[in-house]
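Trainee: Going down the list, the protein sequences come from chains A and B.
Mapping of the first sequence onto the working numbering: position 86 corresponds to residue 86, and the numbering continues sequentially without gaps.
If you want the working numbering, it's the 1-based position in the second sequence plus 430.
FYI, nobody ran anything at the bench for these hints, they're computed from the structure.
One thing to keep in mind: the hints can contain errors.
Pulled from the structure, derived: some chain B residues nowhere near chain A, Cβ distances all over 12 Å [stated by the list, open to error]:
no.	residue
1	P469
2	S485
3	E564
4	P570
5	R579
6	V583
Simulated restraints on C-beta separations [claimed, not checked]:
no.	chain 1	residue 1	chain 2	residue 2	range
7	A	G85	B	A581	57 to 65 Å
8	A	A335	B	E550	49 to 57 Å
9	A	E221	B	D476	34 to 42 Å
10	B	N560	A	A337	31 to 39 Å
11	B	G545	A	L200	23 to 31 Å
12	A	K325	B	E550	47 to 55 Å
13	A	S5	B	L504	47 to 55 Å
14	B	A581	A	E135	33 to 41 Å
15	A	G330	B	L448	34 to 42 Å
16	B	N560	A	V251	35 to 43 Å
17	A	A337	B	A464	38 to 46 Å
Heads up, incomplete: computed chain B residues facing chain A, CB under 10 Å, no partners named [unchecked claim]:
no.	residue
18	L482
19	E483
20	L486
21	E536
22	Q539
23	G541
24	E542
25	A543
26	L544
27	G545
28	I546
29	I561
Beta carbons: idealized from backbone N, C-alpha and C, even for Gly.
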Amino acid sequence: MANASVKVDVHHITRVEGHGNIVVDVQNGELKQCDLQIVETPRFIESMLRGRPYGESSHLTSRICGICAVGHATASLRATEKALGVEPSEQTILLRKLNFHGEMLDSHVLHTYMLVAPDALGVGSVIPLAKSAPEVVLRALRMKKLAGDLCAALCGRHTHPIAMTVGGFTHFPSKADLEALRKRLVDSRKDVEDTVNLFLQLKLPAFERETEYIALHKDDEYCFIDGDLVSTDGGKWPVEQYRSVTNEYLVQHSSAKHTKNQRASYMVGALARFNVSYEQLHPKAKEAARALNMKPKVINPYLNTVAQVVEIVHCVEDAIVLCDKLLKKGVTWEAPAKPARLSGEGVGSCDVPRGTLFHNYTIHDGKVTGANCIIPTGQNLANVELDMRALVPTILDRTQEQITLALEMLVRAYDPCISCSAHLLDVRFE
Amino acid sequence: MSEAPRRRIVILALGNPLRGDDGAGPEVLRGLAAERDWPADVALIDGGTAGLETSLSLSGYERAILIDAGELRLPPGSWRRLDARQVILQGKDGPTLTLHQAGLAEALQLGEALGILPAEIILYVIQPENIGWEQGLSEPVQAAVAAVRAAVVDEILASED
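The shape of chain B in the complex, shown without the other chains (with noise of 0.2 Å):
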């Protein structure tokens, strides 16, 4: 009798593919898909936009990786690595960063105070250039895409070691 894998990592993609480069996350999961096939203690979760119930997809994995477009004030396709524990459950006064902030800030502050959260908690952020009501990306985010997918393939493999 096979046991249930260790949820080691999920990779969480937030995002509205109907409204142009809000759908940068699901695109890197995407990539990320068709890229290998992951192990079993890798999960891979099209999150759409954030809910209350989105901190129950993180809850049980030792590290979560999320992906999203959101406002850095930067040119266009440029992406950050951060840590979401110092940006959004204790950064209240910053910017507002993604179109799902409100969304996702009150779903991890709902997971930390029921202490369902995984330890490490890492999001991937692209800035957008246009999050219109349209689908498509557009240029200076897709080579932002390709360029979070590899970086989150590397994050993952190192990981492993």
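This is chain A alone, in the form it adopts within the complex (with noise of 0.2 Å):
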């Protein structure tokens, strides 16, 4: 509508983690402003681990977040390993894929059940649709426990976890441990089903831009940990190149940097990995994919969590193929995986809940000398504040209400975690 004059302020948009504002403004029909304005003060993570001992590294990152801490702390593992030539068994990358399924599974069952789907349903928060669908809300806290106990059993700590270390663990499941885990995991493929089921029913916004999409990946399996960068528009990178994929730069307005790759900006998170490595997903996943009619590329932002709810699925499932490996090879204890030199500089990189996750480590001596983490949250603001600018003229002629909604529930699909995302949604009407 031409003459249409709006503006968004919303002050510390609720239901995402860390604090931000978004700002629109928009003045007879053209757009003046429109910002994801990112107001959460760095944390200086990358400077408190110069200094300290290369071992203290994944402790001192896996508190960046309490819902990615795994997903740091491998990263973490990684970068440092690299760094100091430290080869994994082939039990601990089992037990590390295994255990960051637990965190992918805590992760997206919160973001989908908790902070989307009272959006979707009308109801302002949980606690209302605890209240006219208790059934649901407990299935959600079913499996968040789940994902929870299984990250307990395997790396010694629900949140934190305080067993990984460089080159291995220091603590291993017991074969009950891991048949016990199994079998709820197979319990909870019910809970699975009713989740994609809700999902069915849900209607989120059908809006799509094009953007280009980046995540890890490899030939022969769905990948979180390890892999190279690659990306929707093309290229293939190995992680020690992240830098000429991430591009960082600072905005005024933005307490967190911004990146960009090929285009103006990139996406990462659930529907990068979608679309970048559907053929690797597990067969239940894709079968889900397809009733919830994603087939890649999909490229509408709010589908971000329709495509976490496909990856609940291949996690479940193929936490259950990693249970009957460990099973059939038995767990044994084993001491870490040693270094094989004491100075170094490592890249290591996952692909958490969020998205691609960067660690760089240089290391001298046994020490850390420098440290660089970027984290996923950083490497989608660009694409949302693009998404927010295509979206407003398309929806000028709703309610002022409705358009704060619409913007909110744009910047929740990508499930951001701000606090982390600061190193280095005011909807203002004017």
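Using the hints, put the two chains back together into the complex; each one sits in its own frame.
Mentor: And the structure:
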């Protein structure tokens, strides 16, 4: 509508982690301002690592986040291991993958059920949802508990993986632990199916915008740990070249930097992984994708949440496969693999729930001399803003409340972890 | 074959021992655990900082006793025994009581909405002197911890009669 003037000013958008404002200013149909302002202060984790013994890095950096603690720890360990020539054993690799699935499930269940579903069901938060559909909320809590127990069994604690260390683990699940977890995973298939069915019924906004999607990729598995960086625009980079993909730059209105690659912005996260590595998904996850009408390349950012539902199916099924492998081999106590040297530089990368994460360390005589951490949410910020700029003109005929909700849902769809992203949704209708 | 014990009472301590007097709750719990061997129908849980899953910890019990540091606007070391339902579930306009109230209030509201909370939920709140970035309790709070521990013991023993 040519003469519409609208200002949206959401100070501290709710149901996201961290603090961000949405500021949108439209005057007479012309978009004057459209920002996602990150107002979180940087926490200088990278500086804290300097001077510390290399073995502390994963423990310090896992405290960057309570929901991606295993993701940060794993990326951190891979960076240290590559810097110091440490080769993890096959058992370590399997245990780390299973642990990662636990965290992926925990994070995705929280986001899909408690952060996104309330919007789609027209309620303000999970609490009214608990009153109107208690079985839905109990299911989410049950799935989260399984995911948390899986992590605790593998890395010693739910939140902050105390048993993960350079070269391996300091604690191992027993055969009984693994068998019990396997049974609970198999029993959870009903809950997973109900999750897919729930999202079959939920209506998410139809909005599309072409952009670049980037994820870690391996040809032989749906990859969360290691791999190469691959883009839907073409291109493959070893993780050591991450800087030539992220190209960070400062923006005035945000305490977190923005990134760009082959276009003005790119997207990481579940939808990016789905678009890049669909072929590698477990067959049951592909089935769920078909049921949910998801076929790569999906370019609706609101469907990032649905891609997470597909990943929930994949992670439960692959966790069962991993339990079977570990039970067949038998898990034995292993000393962590030793470093070949005490100085070097390494880049560790994982595709954590929200997207590609990079930890880059330099280590000299066993002490960290430099660290650079690039967080997935920071890599999404430019893409969110460009989405907002494209979306607003198409919804100017709606009420202020509807426009605000559409923008809040857009930001929420990315599952942003804002505290993590500020390393160095004020929708203001003016 | 033994049956699972009756889930009569759960004592849930909330608090972060790295934040000065916010560690009061866990300290009370530590004292309770050391004081005697509690029967199987009494559970002691260190709840850390409250989250949505806190309400799951309370589910299935007949009574819950929560212990936490909180802003009572009273001299340090003061403490009160309160009905959690009245304070948190209904008193939305009241002052923010504890460091964890946003988490605890939401957790209890969620539990209430799901219908999984115990019939009776008692909240012991201890007024902190200092909740800065260090370990250790101030003297007034140490005294309160001892008093609250004794009160909780009396409460459990009285309920057994």
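Trainee: Hint by hint, note whether the structure agrees.
Mentor: Evaluated hints:
The non-interface label for P469 (chain B) is consistent with chain A: the shortest C-beta to C-beta separation is roughly 26 Å, beyond 12 Å. The claim that S485 (chain B) lies off the interface is violated: its Cβ sits roughly 8 Å from the closest Cβ of chain A, which falls inside the 12 Å cut-off. Interface exclusion of E564 (chain B) from chain A stands, the closest Cβ pair being 18 Å apart, more than 12 Å. Under the 12 Å C-beta cut-off, the non-interface status given to P570 (chain B) relative to chain A holds; the minimum distance is some 31 Å.
R579 (chain B), annotated as away from the interface, keeps every beta carbon of chain A farther than 12 Å; the closest lies near 27 Å. No Cβ of chain A comes within 12 Å of the Cβ of V583 (chain B); the nearest lies about 30 Å off, and the non-interface call holds. The given range of 57 to 65 Å is respected by G85 (chain A) and A581 (chain B), whose C-beta atoms sit roughly 59 Å from each other. Checking the proposed 49 to 57 Å range against A335 (chain A) and E550 (chain B) shows it holds: the Cβ atoms sit about 51 Å from each other.
Here the CB-CB span from E221 (chain A) to D476 (chain B) is close to 39 Å, well matched to the stated 34 to 42 Å. At about 45 Å, the CB distance of N560 (chain B) to A337 (chain A) disagrees with the hint of 31 to 39 Å. The hinted range of 23 to 31 Å is satisfied by G545 (chain B) and L200 (chain A), whose Cβ atoms lie roughly 27 Å apart. Between K325 (chain A) and E550 (chain B) the beta carbon distance is about 48 Å. The supplied range of 47 to 55 Å therefore holds.
A C-beta distance of roughly 52 Å is found between S5 (chain A) and L504 (chain B), which places it inside the suggested range of 47 to 55 Å. Taking the beta carbon of each, A581 (chain B) and E135 (chain A) are about 38 Å apart, inside 33 to 41 Å as hinted. The hinted window of 34 to 42 Å between G330 (chain A) and L448 (chain B) holds, with their beta carbons roughly 39 Å apart. Our hint of 35 to 43 Å for N560 (chain B) and V251 (chain A) holds, since their Cβ atoms are close to 40 Å apart.
A beta carbon spacing of about 41 Å between A337 (chain A) and A464 (chain B) agrees with the range 38 to 46 Å that was offered as a hint. Look at L482 (chain B): its Cβ gets to within about 7 Å of chain A, closer than 10 Å, so that hint holds up. Satisfaction of the interface hint for E483 (chain B) is found here, the shortest Cβ-Cβ separation to chain A being roughly 7 Å, below the 10 Å cut-off. About 6 Å separates the beta-carbon of L486 (chain B) from the nearest beta-carbon of chain A, less than 10 Å, and the hint is met.
Checking E536 (chain B) against chain A: minimum C-beta separation of about 7 Å stays under 10 Å; hint holds. About 5 Å separates the beta-carbon of Q539 (chain B) from the nearest beta-carbon of chain A, less than 10 Å, and the hint is met. The interface hint given for G541 (chain B) is met, as the beta carbon of that residue sits about 9 Å from the closest beta carbon of chain A, less than 10 Å. For E542 (chain B), the interface hint holds, the least distance from its beta-carbon to any beta-carbon of chain A being 9 Å, beneath 10 Å.
Checking A543 (chain B) against chain A by beta carbon gives a least distance of about 4 Å; that is within 10 Å, so the hint holds. With 10 Å as the threshold, the beta carbon of L544 (chain B) comes within range of chain A, its nearest partner Cβ sitting at about 5 Å, so the hint holds. This hint holds: G545 (chain B) has a C-beta 7 Å from the nearest C-beta of chain A, less than the 10 Å allowed. With a cut of 10 Å, the hint placing I546 (chain B) at the interface with chain A holds, because the nearest CB-to-CB distance is about 8 Å.
Of the supplied interface hints, the one on I561 (chain B) is violated, with its beta-carbon coming no nearer than about 20 Å to a beta-carbon of chain A, more than 10 Å.
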